[in-house]
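J.: Sequence:
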Amino acid sequence: MEERYSKAETLALRRKHIGPSCKVFFAKDPLKIVRAQGQYMFDEKGEKYLDCINNVAHVGHSHPYVIKAATKQMELLNTNSRFLHDNLVQYAQRLTATLPEKLSVCYFVNSGSEANDLALRLARQYHGHQDVITLENAYHGHITSLIDISPYKFNQLGKDSKKEFVHVAPSPDIYRGKYREDHPDPASAYAEEVKKIIEETQKNGRKIAAFIAESMQSCGGQVIPPVGYFQKVAEYVRAVGGVFIADEVQVGFGRVGKHFWAFQLQGEDFVPDIVTMGKPIGNGHPMSCVVTTREIAESFGASGMEYFNTFGGNPVSCAIGLAVLEVIEQEDLQGNATRVGNYLLELLAVQKEKHPLVGDIRGVGLFVGVDLVKDQQKRTPATAEALHLIYKLKEHQILLSADGPHRNILKFKPPMCFTMEDAKHVVEAIDALLTEIEEATGMKTENNASANAQYKTKTTEGNSQSEGANESISHMNGAACRQENELYSKKCSLPSETIRT
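With our numbering, the residue at position 235 of the sequence shown is 235, and numbering never jumps.
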């Protein structure tokens, strides 16, 4: 496929015409991606990159079944939802069938941000309350109403940026949080923090409209709440007339494997009042949805204000949404998420035992985080090392990102067609790069030395060329980290811009 512009011309035009706050991945040498298929992306030179971060292309980039469904409907009709059309009601029926029975009413919109904004409107209309409880490091969208409830964003604006109606609860992080893995009941302890916030707001004459949380925090550092936390929070919030909003924009549609929705990890006895969804819902097509109870929907309608969305629920979007649901089922992508996710976690657990840079491995299905640390006891975030690692992985044509409040968490959330071979390939690359970094920084332990000695013995016996390769790697260790980004020099500077993925 012939490109209209060279990479340099594309970059120059982007700088000229696109807002400077719109960042690119790998700013020092951004990728120009021209096509993608399955779990792979291809640049303008035809080089193939393994995509470990794209939870938007949920069933795989350019899935033929999804493309066919979109094209077929586009050839017939695309219009707004004020006209009757079977696609809208069929999709709503199929989508709600994946949810607990009481979550039965849909509002179709176009992005995760739109969905979360509408969820706030529903919550505030329900009992006329205004205040919102959110979590540390939370991100729920890019529009004003959501920046207000996203500490991940508003903390960048300064200490006075939090609005009076916003209340921030501790992230239920049992590795880095206030209550950790050695606590006898972290779920209850974290929920009590929410209860304290509610009590304090009531003393001040304020009323809670909603508690909102990602079912598993993504930008917040791949945090999986302890089981029972949501149940207790929902009890406290509902007792004062608030509702529980589960944000599934990043983690829904079978990504956790064993369940279709991540909130279901908490147990069958937990059902949110509102669920928002986006990103994977259309496999790259801009669409999203809010699902709620009949009671909350009727309360919203009682305001007298019509809700209309020009593109939300159009026939093409609904055809695409239906196709995505069908592919997830037909290709057993939930089962794949469990099988490949478990294998990935097993491989990474070995790295945790081997490398002092690996502090924690956590995840469910194809939602996995690797917490890199400079000191395993102190859990000091290894921010520069994480950024260096993702740049080096790019050189190996593997796309991974780092996030979390300290930008030290390696994030795995690939297309759901990711394979065991892909997982093995990525972890082998991470293993080699961690070894380089640890040797360059003096973090190498006796375990590393022993493992490397065994490896060298085996490769010497099996392949005399391995010795030369090992020498080459050893030679690189002293200089690799001082090259492009000068990671380990005193004047180190790596890209530190925050990009949500």
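It is possible that some hints are incorrect.
[Said to hold, decoys possible] Cut-off 25 Å, straight-line C-alpha distance, at most; resulting in silico cross-link-like pairs (PhoX-like, lysine-lysine):
no.: 1; residue 1: 23; residue 2: 178
no.: 2; residue 1: 72; residue 2: 48
no.: 3; residue 1: 394; residue 2: 444
no.: 4; residue 1: 196; residue 2: 178
no.: 5; residue 1: 195; residue 2: 163
no.: 6; residue 1: 163; residue 2: 203
[What the hints assert, rightly or not] Simulated restraints, written as ranges between beta carbons of each label pair:
no.: 7; residue 1: 82; residue 2: 380; range: 52 to 58 Å
no.: 8; residue 1: 75; residue 2: 306; range: 29 to 35 Å
no.: 9; residue 1: 34; residue 2: 128; range: 49 to 55 Å
These aren't lab readings, by the way, just hints derived from the structure by calculation. Ideal Cβ placement from N, Cα and C applies to all residues, glycine included.
J.: Against each hint, give a clear statement of whether it holds in the structure.
T.: Taking the hints in turn, this is what the structure says about them:
For the given pair, residue 23 sits about 33 Å from residue 178 by alpha-carbon distance, which is inconsistent with the 25 Å threshold. Between the alpha carbons of residue 72 and residue 48 the distance comes to roughly 30 Å, so the proposed pair goes past 25 Å and is violated. With a C-alpha separation of about 24 Å, the suggested pair residue 394 and residue 444 falls inside the 25 Å cut-off, and the hint holds. Under the criterion of a C-alpha separation no larger than 25 Å, the hint pairing residue 196 with residue 178 is consistent with the structure, at around 15 Å.
The straight-line distance between the Cα atoms of residue 195 and residue 163 is roughly 20 Å, inside the 25 Å bound, and the hint therefore holds. The hinted pair formed by residue 163 and residue 203 meets the criterion: a straight-line CA distance of about 18 Å does not exceed 25 Å. For the hinted restraint 52 to 58 Å between residue 82 and residue 380, the CB-CB distance of approximately 57 Å keeps it satisfied. Taken as a hint, the range 29 to 35 Å holds for the pair residue 75 and residue 306, whose Cβ atoms sit roughly 31 Å apart.
Roughly 51 Å separates the CB atoms of residue 34 and residue 128, a value that falls within the hinted 49 to 55 Å.
The structure shown violates the earlier hints numbered 1 and 2.
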